[in-house]
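Given the sequences, and given the hints that come with them, work out the whole structure.
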Amino acid sequence: MRASKIARYGLLVALALALSYAESLLPSPGVPGVKLGLPNLVVVFALYRLGTADAWALSLVRVLLVSLLFGNGASLAYSLAGAALSLAVMCLLKRTGKFSETGVSVAGGVAHNAGQIAVAVFLLETTRLAWYLPVLCLSGTVAGILIGLVSALLVKRVPEFKS
Amino acid sequence: MDRFKTHRNDVLLIAALLILAGALALFLRLGRHSGGTVSVTVGGEMVAELPLDEDASLPIETESGTNLLVIEGAAARMESADCPDLLCVKMGAIRWAGESIVCLPHQVVVTVEGGPDGGFDAAAR
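Protein chains in written order, with this note's numbering: chain A, 1 to 163; chain V, 1001 to 1125.
Don't read these hints as lab results, they were simulated from the structure. Treat the numbers as computed from the prediction; the structure is a model and nothing was measured. We treat Cβ as the ideally placed atom computed from N, Cα and C, and that holds for glycine. Possibly wrong hints are sitting among the right ones.
[What the hints assert, rightly or not] Distance ranges between label pairs, derived from CB positions:
id, chain 1, residue 1, chain 2, residue 2, range
1, A, A18, V, E1063, 30 to 40 Å
2, V, V1070, A, E125, 42 to 52 Å
3, V, A1074, A, L11, 51 to 61 Å
4, A, V31, V, T1066, 21 to 31 Å
5, A, S24, V, K1005, 32 to 42 Å
6, V, F1027, A, L92, 24 to 34 Å
Right under this line is the structure:
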């Protein structure tokens, strides 16, 4: 691996970490899981500008670091499920070539929330969490639109970021 | 695939998800019943069940911390908790069968169970 590539990875991981932290400072609307998903800016950027494998590596490293720094075992399970399902759906949708960054990011946002609900249903052994599905579907869509629009700009305008 | 088509597909996807959210909300709203009791589980195990029509306050002790549940005016809410995010407190009061308050850090779930008229469980079965 070339030094410049290592430096770029480090930069993106640090950025994703900083965005995770920045997001934790934002006021919460009072429903678990409703959030903007700022780190997803970096993941979508990496997916389009670097490649699928790089996006996976970045996303997993970020989730592990965030859980180590700010979370616990349970939060690792939630984050991992959300991040993995989200990225899997985004990869698939990107591969179809039928959607722009916005569509891909929207699907990722909703998939992220779905993954977290699935883990919550499993860990808490209750199916009552169905009550959160509408609001999390809505919030995932809205957050996905915002992140997708900004990501599209980044993908287009950030100069020279090839490995 | 040209730019116009990808944008059209984006909009279709967003519309479909918004309709899905609306349909889910409508489905849950139509199926709602007033609650009869409040059940408290920690890590999936039932620790308490209280009637919703009697005012009460119940400290919920878990391995990771304590939550204070208050039932008042046929609604249940988390009055206070020592979890880091306090989302359970911010979630406010619940009164309809099937609604729940979740404290993820402490693995606490407070759920309103259906009254004599059935409720969410009866609809789900």
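Here's how the hints hold up against the structure:
no.	hint	in the structure
1	A/A18 <-> V/E1063: 30 to 40 Å	32 Å, holds
2	V/V1070 <-> A/E125: 42 to 52 Å	24 Å, violated
3	V/A1074 <-> A/L11: 51 to 61 Å	55 Å, holds
4	A/V31 <-> V/T1066: 21 to 31 Å	22 Å, holds
5	A/S24 <-> V/K1005: 32 to 42 Å	38 Å, holds
6	V/F1027 <-> A/L92: 24 to 34 Å	27 Å, holds
Hint violations for this structure: number 2 only, all remaining hints satisfied.
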